[in-house]
Amino acid sequence: MNVVRTTGLSKRYGSLAALDGVSVELAENSIHGLLGRNGAGKTTLMRILTGQGFETGGTVEVFGQHPYENAGVLSRVCFIKESQHYPEKFRVKHALRAAELVHPNWDNAYAAALLADFAVPADRLLAKLSRGQLSAVGVIIGLASRAPLTLFDEPYLGLDAVARQLFYDRLLADYAEHPRTIVLSTHLIDEVSDLIEHVVLLDRGKVLIDADAESLRGEAVAVTGSADAVERFAAGYQELHRERIGGSLRVTLTGVPDRFEPGLDFEPVSLQQLVVRTTQRHGAPVAAGKESR
Amino acid sequence: MKDDGRPLFLQIAEQLENSIVDGSLAADTQVPSTNELAAFHRINPATAAKGINQLVADGILYKRRGIGMFVATDARAQLLERRRRDFTRQFVAPLMAEAGKLGMDAEEIKKLIDVWEPQR
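So the sequences go chain by chain: A and B.
Position one of the first sequence corresponds to residue 794 (the working numbering), numbered consecutively onward.
Position one of the second sequence corresponds to residue 11 (the working numbering), numbered consecutively onward.
Since the hints were derived computationally from the structure, they do not count as laboratory data.
In this text, all values refer to a predicted model and were calculated from it rather than measured experimentally.
Be careful, since some hints might not be right.
Under the rule of at most 16 Å between Cα atoms (straight-line distance), these lysine to aspartate or glutamate pairs were calculated in the EDC-like manner [what the hints assert, rightly or not]: (1) B/60 with A/1005; (2) A/886 with A/900; (3) A/999 with A/818; (4) B/111 with A/1058; (5) B/111 with A/1054; (6) B/60 with B/38; (7) B/73 with B/38; (8) B/60 with A/990; (9) B/60 with A/987; (10) B/60 with A/1007; (11) B/111 with B/127.
Quick partial rundown of chain B residues pointing at chain A, CB under 10 Å, derived from the structure [what the hints assert, rightly or not]: (12) 54; (13) 103; (14) 110; (15) 111; (16) 113.
Every residue, glycine too, gets a C-beta built ideally from N, C-alpha and C.
Hey, can you work out the whole structure from these sequences and the hints?
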C-alpha cells in the first residue's frame, strides 16, 4: 500500500517552479530517502504532504486523501522541520506536551528515555538550548510521536557525529519494533544509505531518480585504466562522469553487467557519489543557497 | 556495511554463510533475528530480512514457527560444495590473470603451489 501518492504535482511561486510535475509513490512501512540539492524542492514537497502548503497543479494524496486542513490525515503525520519555532517561554517539557496532544501514538516513557539519551534537560527554556539540543528536541518528538507518516527535514543541524549516530540507531530500533513510514530528507547521504529502502532524488523541482536503494547500490561503477582500454570498454554504456590524469582515465558508468576485464580497475560507486554524478550530469548550476520556499 | 557495490542483503547472507562454513554457527543452532542483524550492521530491517529469506530459499536456514531461524543440518556440506564449484572462477581465474600480466605460465604457478608453505 502507498501512504503518499502524487501525480504531476507542481508548485509555482511566480515564475519559479519549485515543483514541476512530481509523480512519486511512497510505500507504507518503509524508510524513504528524499535527496537533492538546496532548492531542489524537497521542503516544498514535504510542506504540501503535511498540509502546510498548497499545490498549484497536479494531485496529492496522503493516506488516500488530500492533506490540506484534513484533520483525519494530519493526526497521522509528524513533520520535523530543520528549524522549528516555538512560543517564547516554552520549555522542553511544554514542546513534548504539545506534541503529545496532537499525536495519538505518542509514547511518554520513550520520550523521557530519549531526553536522557540526548542529554536534553526537560525543564530548560527552548530559547536557552544550543543549536544541537534544539535539533535533538525535534528528533525526540519525531521518534516518540510514532506517527504513521513521519518526515524529517534535515533534522541534524548542530548535531555532532555521535548524536547523529544515536538518532540513526534509535530510529532503526524503534522502526523495527513499530514499523511506520519514514521520510528522511538529508544531505548526509553516506550516513543514511544503509538505512533507506527507497530513494527519491529531486533536482530543480523534477524527479531525477525514483528507485530502490538496493538496486542503486550496484547501479554505477567507476572504471579506471589506460585511456585506450577504458574508452574501448566504456563504449555503449551510459556515462555519468569522466576524469583524466596522465594516460589514465576514470569513467563512471551505469548498466555495466560484468565487472571483470583484465587491466581495468572496477570500483563501486556509493549512493552519495551516484547522486552527485547524476545531478551534475543534468547540469544544475553549482551555487550555494538555502532552500527557498 | 562496507560498500563493495553488491546488494546489502547478499552481503548479509554471505556473512551468515561464512559463519556456517567456519563452524561458528553449527547445524541446528539459532541464527540472529532480523532486528538483531539490522541493529548490529546498522541496516534497514527489511534488508536483513531479505538476506535471511535468501538463505531459507537456498535451504541453508529453516524456520521454526514462533521461535526463529535455524541452521539446516546439511547447510555446511551444501555451502562447501557450492564454494568448491565456484573456486575456479573466484580464485584461479584472478590468479592466472595476474600471472599472465607478469609473464608467468601455468607451469611456474604449479611449482609455486608445490613449494608453498603456510606463513606463520
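- Message: What's the verdict on residue 73 of chain B and residue 38 of chain B, does the C-alpha distance respect the 16 Å limit or exceed it?
- Response: holds (11 Å)
- Message: So if I understand the rule, the pair passes when the alpha-carbon distance is 16 Å or less; does residue 886 of chain A with residue 900 of chain A pass?
- Response: Distance ~14 Å between residue 886 of chain A and residue 900 of chain A Cα, so the pair holds.
- Message: For a C-alpha distance cap of 16 Å, please report whether residue 60 of chain B and residue 1005 of chain A respect it.
- Response: holds (13 Å)
- Query: Under the criterion of a CB-CB separation shorter than 10 Å, is residue 113 of chain B in contact with chain A as hinted?
  - Reply: Violated, because the Cβ-Cβ distance from residue 113 of chain B to chain A comes to roughly 14 Å (cut-off 10 Å).
- Between residue 111 of chain B and residue 127 of chain B, is the straight-line Cα distance small enough, at 16 Å or below? violated (24 Å)
- Would the stated hint for residue 103 of chain B survive a check requiring a Cβ distance to chain A of less than 10 Å? With a closest approach of 8 Å, the residue 103 of chain B hint holds.
- Message: Given a cut of 10 Å on the nearest C-beta pair, is the interface hint for residue 110 of chain B held or broken against chain A?
- Response: holds (7 Å)
- Query: Given the proposed pairing of residue 60 of chain B with residue 38 of chain B, does the C-alpha separation stay at or below 16 Å?
  - Reply: Distance ~21 Å between residue 60 of chain B and residue 38 of chain B Cα, so the pair is violated.
- Satisfaction of the residue 111 of chain B interface hint, Cβ to chain A closer than 10 Å: holds (7 Å)
- Quick one, are residue 60 of chain B and residue 1007 of chain A close enough, alpha carbons at most 16 Å? Since the Cα atoms of residue 60 of chain B and residue 1007 of chain A sit roughly 11 Å apart, the hinted pair holds (cutoff 16 Å).
- Is the hinted pair residue 60 of chain B and residue 987 of chain A satisfied, with a Cα-Cα distance of at most 16 Å? holds (14 Å)
- Query: Is the shortest C-beta separation between residue 54 of chain B and chain A less than 10 Å?
  - Reply: holds (5 Å)
Figure legend: structure checked against the earlier numbered hints; hints not met, in rising order: 6, 11 and 16.
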